[in-house]
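Q: Here is how the chains run, residue by residue.
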Amino acid sequence: MPRLRSPLLTAAAALAVLGSLAACDGDKSKSAAMADSGDPLAQYRANPKYKAFMAGEKMSGYVFASPETQAMQDDDFENPGMLAVQDGEEEWSKVEGAAGKSCASCHQDAAKSMKGVAVSYPKFEPKRGKLANIEHRINLCRTEHMKAPELKWESKPLLGLTAYVEHQSRGLPISVKVDGPAAPFFEEGKKFYYTRRGQMDIACAQCHEQNPGMNIGVENLSQGQSNGYPTYRLKWQSFGSLHRRFEGCNQEVRAEPYPRGSDEYTNLELYVAWRGNGLKSEAPSVRR
Amino acid sequence: MTASSQSLNRRGLSRRQAVAALGLGSVVVTLVPLSAEATPESAKKMLGDLVKAAPKAGKVQIKTQEIAENGNTVPVTISVESPMTDKDYVKEIHVVSDKNPQPGVASFMLTPANGKAEVQFRMRMAETQNVIAVAVMSDGSAWTAAREVKVTIGGCGG
Amino acid sequence: MAADIKPRIRVPQTAKKDEIIEIKTLISHPMESGQRKDSQGKIIPRKIINKMTVAFNGKPVFEAKLEPSISANPYLSFFLKCSASGNLDFTWTDDDGSVYKATQAITVA
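Protein chains in written order, with the working numbering: chain A, 3 to 290; chain B, 735 to 892; chain C, 37 to 145.
It is possible that part of the hints are untrue.
Straight-line distance between alpha carbons at most 20 Å, and here's what the computed PhoX-like set of lysine-lysine pairs gives [claimed, not checked]: (1) Lys52/C <-> Lys786/B; (2) Lys825/B <-> Lys83/C; (3) Lys53/C <-> Lys850/B; (4) Lys158/A <-> Lys52/C; (5) Lys833/B <-> Lys237/A; (6) Lys73/C <-> Lys850/B; (7) Lys237/A <-> Lys884/B; (8) Lys779/B <-> Lys83/C; (9) Lys95/C <-> Lys825/B; (10) Lys117/C <-> Lys850/B; (11) Lys117/C <-> Lys237/A; (12) Lys778/B <-> Lys95/C; (13) Lys158/A <-> Lys83/C; (14) Lys78/C <-> Lys850/B; (15) Lys83/C <-> Lys821/B.
Read the hints as simulated data drawn from the structure, not as lab findings.
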């Protein structure tokens, strides 16, 4: 659907909303808070269906989704994210580049060779001298071993290959390492997570660490876990990367987003993945 | 959505921040100037053009979200009471909505071979509006149902 | 573009006689509504899947006409009563005239 973003009009409208909210001054929200004993996550914890989507106090975005969206993810056929996995499966054995190789030339059957790989990413990559996520790793394989050009971030083949590789680890717990050479990048990601940014002056942590389960408008805030990514998003009506999601978050607090694939977002990706260590990969998930 | 509707400012977000985020999201949709916007009248007219008989309320069920999780992809299931035999079956199901850029959503042609008159699809909803379905039976009679879906793009759906 | 568009169908391979089975279909397609503008403010022309037809052993059994209000990557499901073994043929028609097809045999025991 077309969306118009006029800063002036939006600001004026926000003020109007502010006025109307001030008039009824939160009485309703107070009583609701008391009704569920102040813990908005209790309802999810109590639901046995969500056991598989939790690890201790960590909760996948799945538990914050509507039953209809969950149903779309539960059935691989109904999940449009599987179209991206299918794209990736075709790309996997496509020969490209001067070396005359495909992914399959070295890695053969992805179901075996890629199982458990994605859940350990991002990780320190000596060839880059910094972190690499799965997208970077795929492009590194292409330039180093296939002698093929890098795939463009968020392009159909790169999304497809990422989805295909991630999908091989579906059901396995996220298990990124943050010590050793990854440590300084992890620290950078952590700093990003707690830094207030944008015109609204909001940090990742304020929504996703301090307020998960709380409502913002009609929407409930999740813990911002990344175990379902890459994902098919209802809003996008398409498949997309975690960095595209980061970009959306940054835009909503009216901060200048970083480029997809940037060091800033890759470091943040490691930190966010670490927060979800132990949650099972759901790639490709369906999210609102 | 969730039963919980606690105030955000309890836990670190100031009201200004929460409200600003809310305003940013929720207002955008209503500001969009759309050409040829559907209205309850144009939706009715379209149905009138598609279906000759005057539809009666009943037999049609629309299952969807009361509040759309995201207006870009709203799953809708339409089912119609019918034995679906050669003599008595649902011939057509027409679906319109009354506040999208255009009223038409989809039309389904069924046959006794379907055995069960039920279809599912996913639709876009630009704002809160009614989904209206009309089923035309093999005897020419028409039946209808309507259902409101609330579309509120609130919060930081980035 | 056309090469990128992939239809998927889920049809049970076997069914009991007169069993009513659910058929699910999904096709990768942007369903460009004709309502959106590009970054230069120009309207992006409409390009949608406007029709899906289904035939069983050559005889039409189900048809869907779609409008731009249908979400991208259109998903459609419906039912079929299995009276005999045969082939189920699906055809999707694009605004640009392209036609995409899928077929599956059902064995009725």
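Q: Now tell me, hint by hint, if it's right for this structure.
A: We went through each hint and held it up to the structure:
Annotation: proposed proximity of Lys52/C to Lys786/B is violated, straight-line Cα distance about 38 Å (limit 20 Å). About 28 Å separates the Cα atoms of Lys825/B and Lys83/C, which puts this hinted pair outside 20 Å; it is violated. Between the alpha carbons of Lys53/C and Lys850/B the distance comes to roughly 15 Å, so the proposed pair stays at or under 20 Å and holds. Restraint check: the Cα-Cα separation between Lys158/A and Lys52/C comes to about 41 Å, which exceeds 20 Å; the hinted pair is violated.
Of the pairs offered as hints, the one joining Lys833/B and Lys237/A holds, with about 19 Å between alpha carbons and a cut-off of 20 Å not exceeded. Distance hint between Lys73/C and Lys850/B is unfulfilled; the C-alpha atoms sit about 41 Å from each other, more than 20 Å. With a CA separation close to 15 Å, the supplied pair Lys237/A and Lys884/B stays within the 20 Å bound. Note on Lys779/B and Lys83/C: the hinted pairing is violated, with a Cα-Cα distance of about 25 Å set against a maximum of 20 Å.
The straight-line distance between the Cα atoms of Lys95/C and Lys825/B is roughly 15 Å, inside the 20 Å bound, and the hint therefore holds. In summary, the hint linking Lys117/C to Lys850/B is supported, as the alpha carbons are separated by about 8 Å, within the 20 Å threshold. Between Lys117/C and Lys237/A the CA atoms are separated by roughly 35 Å; this puts the pair beyond 20 Å, and the hint is violated. Note on Lys778/B and Lys95/C: the hinted pairing is violated, with a Cα-Cα distance of about 33 Å set against a maximum of 20 Å.
At roughly 19 Å between alpha-carbon atoms, Lys158/A and Lys83/C fall within 20 Å of each other, so this suggested pair holds. Using a Cα cut-off of 20 Å, the hinted pair Lys78/C and Lys850/B is violated, with the two alpha carbons roughly 44 Å apart. Pair hint Lys83/C plus Lys821/B does not hold up; C-alpha atoms about 38 Å apart against a cutoff of 20 Å.
Consistency with the previously given hints fails for numbers 1, 2, 4, 6, 8, 11, 12, 14 and 15, ordered from lowest to highest.
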